[in-house]
Amino acid sequence: ALGVVVGAPLLAILGNGISRKTLLLSLMGFYALGNLASALGPTYESLLWFRFIAGLPHGAYFGVAALTAVAISPPDRRGRAVSLVMLGLTLAILLGNPLATWVGQVVDWRWIYAAVAMVAVATAALLAMWLPRGIDGPRTRPVAELRAFNRLPVWQALAIGAIGFAGMFAVFSYLAPTMLEVTGVSAAWIPLGLAGFGVGGVAGNFAGGWLYDRFKLRGAWVVLAWAVVMLLLFPLMARSLPTILLATVAIGLMGALGPILQSHLMDVAGDAQTLAAASHHAAFNAANALGPWLGGMAITAGFGWTSTGYVGAATAVAGLLVYAWARRTARRTAAGASTVPAAALACEG
Numbered sequence: 618a619l620g621v622v623v624g625a626p627l628l629a630i631l632g633n634g635i636s637r638k639t640l641l642l643s644l645m646g647f648y649a650l651g652n653l654a655s656a657l658g659p660t661y662e663s664l665l666w667f668r669f670i671a672g673l674p675h676g677a678y679f680g681v682a683a684l685t686a687v688a689i690s691p692p693d694r695r696g697r698a699v700s701l702v703m704l705g706l707t708l709a710i711l712l713g714n715p716l717a718t719w720v721g722q723v724v725d726w727r728w729i730y731a732a733v734a735m736v737a738v739a740t741a742a743l744l745a746m747w748l749p750r751g752i753d754g755p756r757t758r759p760v761a762e763l764r765a766f767n768r769l770p771v772w773q774a775l776a777i778g779a780i781g782f783a784g785m786f787a788v789f790s791y792l793a794p795t796m797l798e799v800t801g802v803s804a805a806w807i808p809l810g811l812a813g814f815g816v817g818g819v820a821g822n823f824a825g826g827w828l829y830d831r832f833k834l835r836g837a838w839v840v841l842a843w844a845v846v847m848l849l850l851f852p853l854m855a856r857s858l859p860t861i862l863l864a865t866v867a868i869g870l871m872g873a874l875g876p877i878l879q880s881h882l883m884d885v886a887g888d889a890q891t892l893a894a895a896s897h898h899a900a901f902n903a904a905n906a907l908g909p910w911l912g913g914m915a916i917t918a919g920f921g922w923t924s925t926g927y928v929g930a931a932t933a934v935a936g937l938l939v940y941a942w943a944r945r946t947a948r949r950t951a952a953g954a955s956t957v958p959a960a961a962l963a964c965e966g
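Just so we're aligned: the sequence shown equals residues 618 to 966 in the numbering used here.
Because the hints were derived from the structure by calculation, they are not lab data.
Only a predicted model underlies this, so the values are computations on that prediction, with no experimental measurement involved.
Ideal Cβ positions, reconstructed from N, Cα and C, are used throughout, including at glycine.
Do not take every clue at face value.
[Claimed, not checked] Now the in silico label distances, taken between C-beta atoms and shown as ranges: (1) L797 to R764: 45 to 55 Å; (2) A688 to A732: 46 to 56 Å; (3) D725 to G801: 22 to 32 Å; (4) L657 to V623: 40 to 50 Å; (5) P749 to L797: 46 to 56 Å; (6) W728 to W806: 37 to 47 Å; (7) A745 to G801: 22 to 32 Å; (8) P692 to T860: 41 to 51 Å.
Given only the sequences and the hints, what does the whole structure look like? Please build it.
Following this line, the structure appears as structure tokens:
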């Protein structure tokens with residue numbers, strides 16, 4: 618997660634002068650090498666460094682991929698185009714996490730990273746064969762890209778993601794001990810619980826794309842309100858296997874927030890499209906760090922494994938507060954813009 622936070626804005630700026638196809642191929646190759654090095658790392662310390670390196674291209678890759686998808690899609694389907702790109706992340710949760718958990722139980726863990734490296738190489742080959750050229754956006758200087766951070770709506774969208782998403786990760790990160798200690802099931806059921814997040818995430822991705830095309834940023838309110846309710850119910854639903862599996866799917870629907878915020882960032886970033894799109898994934902991974910940290914604090918304080926649900930609900934409420942601030946800012950900006958023509962007409966009169 619730390620590698621993504623650092624690499625997303627850095628590589629997005631450095632790669633802005635490169636064609637999108639070449640940049641995507643380079644980032645995927647970088648990712649493959651990072652995972653191969655992780656598989657071969659001789660010590661735990663070297664593994665940590667290689668995992669950091671492997672995370673560097675992640676955010677920039679998905680940001681540029683989202684821009685590419687938008688460039689080849691009709692204007693009224695931008696949100697759904699972004700949701701298809703984000704689908705890769707949710708499928709990784711649906712298939713990758715349970716599969717990696719199972720593989721780690723039966724073979725050496727190094728094979729997991731080796732397999733990820735091979736998948737990355739295959740992905741690069743498919744990009745080279747099928748992705749067209751000539752889909753580049755306007756080239757901007759690094760200083761111009763950095764101006765995205767002068768825009769308050771950009772920071773507000775990133776904050777909604779970093780704070781609002783944290784609740785899902787608070788529950789997800791401690792799902793295994795929750796199922797073992799609270800639900801009372803064997804470890805064999807844990808991959809199914811993890812897959813529940815992926816199932817919800819897949820559905821949420823499609824819903825998020827549709828919500829943005831229909832309601833723009835207001836779709837974030839729907840997702841966060843849903844999250845508050847389901848996260849508050851999680852401690853109760855964790856008591857039996859059927860209900861905790863249902864809860865993982867319901868909480869996984871928070872994945873709808875991803876396409877909404879990714880699309881919104883591209884709309885409010887002006888000319889700094891690449892940096893804004895990549896920064897969304899930095900915010901997403903900040904949530905990936907914040908949620909488990911807050912959840913761990915609650916558990917350490919003695920509130921129990923299911924307290925992660927209450928922690929998650931609190932972060933979702935905080936995300937709603939940032940959303941309300943963003944809406945207020947947008948209304949003030951729109952009101953200010955509408956008074957300019959009126960003032961001009963008054964002066965002419």
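Status of the hints after comparison with the structure:
{"no.": "1", "hint": "L797 to R764: 45 to 55 Å", "in the structure": "49 Å, holds"}
{"no.": "2", "hint": "A688 to A732: 46 to 56 Å", "in the structure": "31 Å, violated"}
{"no.": "3", "hint": "D725 to G801: 22 to 32 Å", "in the structure": "30 Å, holds"}
{"no.": "4", "hint": "L657 to V623: 40 to 50 Å", "in the structure": "23 Å, violated"}
{"no.": "5", "hint": "P749 to L797: 46 to 56 Å", "in the structure": "49 Å, holds"}
{"no.": "6", "hint": "W728 to W806: 37 to 47 Å", "in the structure": "23 Å, violated"}
{"no.": "7", "hint": "A745 to G801: 22 to 32 Å", "in the structure": "50 Å, violated"}
{"no.": "8", "hint": "P692 to T860: 41 to 51 Å", "in the structure": "42 Å, holds"}
The structure fails to meet hints 2, 4, 6 and 7 from the earlier list, while all remaining hints are met.
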